[in-house]
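S.K.: Each chain is listed here by its residues.
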Amino acid sequence: ETGVTQSPTHLIKTRGQQVTLRCSSQSGHNTVSWYQQALGQGPQFIFQYYREEENGRGNFPPRFSGLQFPNYSSELNVNALELDDSALYLCASSLKGVASPLHFGNGTRLTVT
Amino acid sequence: DQQVKQNSPSLSVQEGRISILNCDYTNSMFDYFLWYKKYPAEGPTFLISISSIKDKNEDGRFTVFLNKSAKHLSLHIVPSQPGDSAVYFCAARGDTDKLIFGTGTRLQVFP
Chain A
127 ETGVTQSPTH
137 LIKTRGQQVT
147 LRCSSQSGHN
157 TVSWYQQALG
167 QGPQFIFQYY
177 REEENGRGNF
187 PPRFSGLQFP
197 NYSSELNVNA
207 LELDDSALYL
217 CASSLKGVAS
227 PLHFGNGTRL
237 TVT
Chain B
362 DQQVKQNSPS
372 LSVQEGRISI
382 LNCDYTNSMF
392 DYFLWYKKYP
402 AEGPTFLISI
412 SSIKDKNEDG
422 RFTVFLNKSA
432 KHLSLHIVPS
442 QPGDSAVYFC
452 AARGDTDKLI
462 FGTGTRLQVF
472 P
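Which chain is which? The protein sequence lines are A and B, in order.
Just so we're aligned, residue 127 is where the first sequence starts under the working numbering, counting upward by one.
Just so we're aligned, residue 362 is where the second sequence starts under the working numbering, counting upward by one.
So here's chain B without its partners, still in its complex pose:
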């Protein structure tokens, strides 16, 4: 039973355009959501997070939106850069400290 789902395994975007990565979850008890970026041969690197009491959090080129009624969050990257090419994981935390991860979306930003 996959509680956190990333239904798009890959996304290809032109440099300078917006990248939108999506994530759906099933457990309404999740209270904290995070996005991680992962390059090959490296561990996941924290990107941005959002608490369930907010609907938007912004950090530079990265914005995360949370729609609790739809149990959906998205990560917007604008403008996209070639260095953003990586696998992006959505994660959620419930009443324990453990994170539940999605299966990832591979983003490719081309010139």
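For reference, chain A alone in the conformation it holds in the complex:
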């Protein structure tokens, strides 16, 4: 059973640029969620995708968007990057409808300069 994998592991971008982060879900999981973890904080929910549609969103602006593909892999896109977007971005997969834990990848560390 393969776990959740994320790419790239690290990324440096300039303010105003756009970034795409990628995630492959754990096999057998049909739901993917994205979280942002700023330094010294707990992960904050960005959004969740199920059946290729957004299925819940946290308090993040529309410049944060995502996609889920038929193979349950996912992308997180952030437009017009701001300095405060610097954080660890975590992808997590799960099975919808089951009271089961989220399984996280190791994250992508994004630095915006």
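Just so you know, the hints here were simulated from the structure itself, not pulled from any lab data.
Check each hint, because a few of them may be wrong.
[Claimed, not checked] Computed from the model, here is a short list of chain B residues facing chain A with C-beta under 7 Å:
id: 1; residue: TYR393
id: 2; residue: LEU395
id: 3; residue: PRO401
id: 4; residue: SER410
id: 5; residue: PHE426
id: 6; residue: PHE450
id: 7; residue: GLY455
id: 8; residue: ASP456
id: 9; residue: ASP458
id: 10; residue: GLY463
id: 11; residue: GLY465
[Stated by the list, open to error] No more than 35 Å apart at the CA atoms, straight line, and that leaves these computed lysine-lysine pairs for DSBU-like:
id: 12; chain 1: B; residue 1: LYS366; chain 2: B; residue 2: LYS415
id: 13; chain 1: A; residue 1: LYS139; chain 2: B; residue 2: LYS366
id: 14; chain 1: B; residue 1: LYS415; chain 2: B; residue 2: LYS429
id: 15; chain 1: B; residue 1: LYS398; chain 2: A; residue 2: LYS139
id: 16; chain 1: A; residue 1: LYS139; chain 2: A; residue 2: LYS222
id: 17; chain 1: B; residue 1: LYS415; chain 2: A; residue 2: LYS139
id: 18; chain 1: B; residue 1: LYS429; chain 2: A; residue 2: LYS139
Treat the numbers as computed from the prediction; the structure is a model and nothing was measured.
Note that the Cβ used here is the ideal one computed from N, Cα and C, for glycine as well.
Dock chain B against chain A, hints included.
M.R.: For chain B alone, kept in the frame of chain A given last:
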């Protein structure tokens, strides 16, 4: 508004002793609670969970206690081992699938 709070940013415990990590929440609609452990440069790893219909769940050295009236849960690790040194996050789930995390407690287990 922090719905899940971990008021102790750090905890230091001697190897072999009990570690107790605490978590408070404000939303009585939360129905499922989890603890995650996080090492540097890794994602959070699921440790143990508890449903709101229970007050205790045990898995080896790890036990989670839930006190719904006090809106409080705790994680007990006994005996503590040096490999348990990590940041521990408490998380809660409400009527959606999203998890709300606390800010974490850094546990250090020393010999």
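S.K.: Now, for every hint given, state plainly whether the structure supports it.
M.R.: So, going through the hints one by one against the coordinates:
1. With its C-beta approaching chain A no nearer than about 6 Å, TYR393 of chain B sits inside the 7 Å limit, and its interface hint holds.
2. At its closest, the beta carbon of LEU395 of chain B sits 6 Å from a beta carbon of chain A; the interface hint therefore holds under the 7 Å criterion.
3. Among the interface hints, the one on PRO401 of chain B is violated; its C-beta lies about 11 Å from the nearest C-beta in chain A, farther than the 7 Å criterion.
4. Against a cut-off of 7 Å between C-beta atoms, the interface hint on SER410 of chain B holds, since the closest Cβ of chain A lies about 6 Å away.
5. Of the supplied interface hints, the one on PHE426 of chain B is violated, with its beta-carbon coming no nearer than about 18 Å to a beta-carbon of chain A, more than 7 Å.
6. The criterion of a C-beta within 7 Å of any C-beta in chain A is met by PHE450 of chain B, whose closest approach is roughly 5 Å, and the hint holds.
7. Because the beta carbon of GLY455 of chain B sits about 11 Å from the nearest beta carbon in chain A, more than 7 Å, this interface hint is broken.
8. Among the interface hints, the one on ASP456 of chain B is violated; its C-beta lies about 10 Å from the nearest C-beta in chain A, farther than the 7 Å criterion.
9. Taking 7 Å as the C-beta contact cut-off toward chain A, the hint placing ASP458 of chain B at the interface holds, the least distance being around 6 Å.
10. For GLY463 of chain B, the suggested interface contact is upheld, since its CB lies about 5 Å from the closest CB of chain A, less than 7 Å.
11. Using the Cβ-Cβ criterion of 7 Å, the hint placing GLY465 of chain B at the interface with chain A is satisfied: the shortest such distance is roughly 6 Å.
12. For the hint linking LYS366 of chain B to LYS415 of chain B, the alpha-carbon distance of about 21 Å falls within 35 Å, and the restraint holds.
13. Note on LYS139 of chain A and LYS366 of chain B: the hinted pairing holds, with a Cα-Cα distance of about 32 Å set against a maximum of 35 Å.
14. Proximity of LYS415 of chain B to LYS429 of chain B is assessed by CA-CA distance (about 9 Å); at most 35 Å being required, the pair is judged to hold.
15. Distance hint between LYS398 of chain B and LYS139 of chain A is fulfilled; the C-alpha atoms sit about 29 Å from each other, no more than 35 Å.
16. Pair hint LYS139 of chain A plus LYS222 of chain A holds up; C-alpha atoms about 34 Å apart against a cutoff of 35 Å.
17. With a C-alpha separation of about 46 Å, the suggested pairing of LYS415 of chain B with LYS139 of chain A is violated against the 35 Å cut-off.
18. In summary, the hint linking LYS429 of chain B to LYS139 of chain A is not supported, as the alpha carbons are separated by about 45 Å, beyond the 35 Å threshold.
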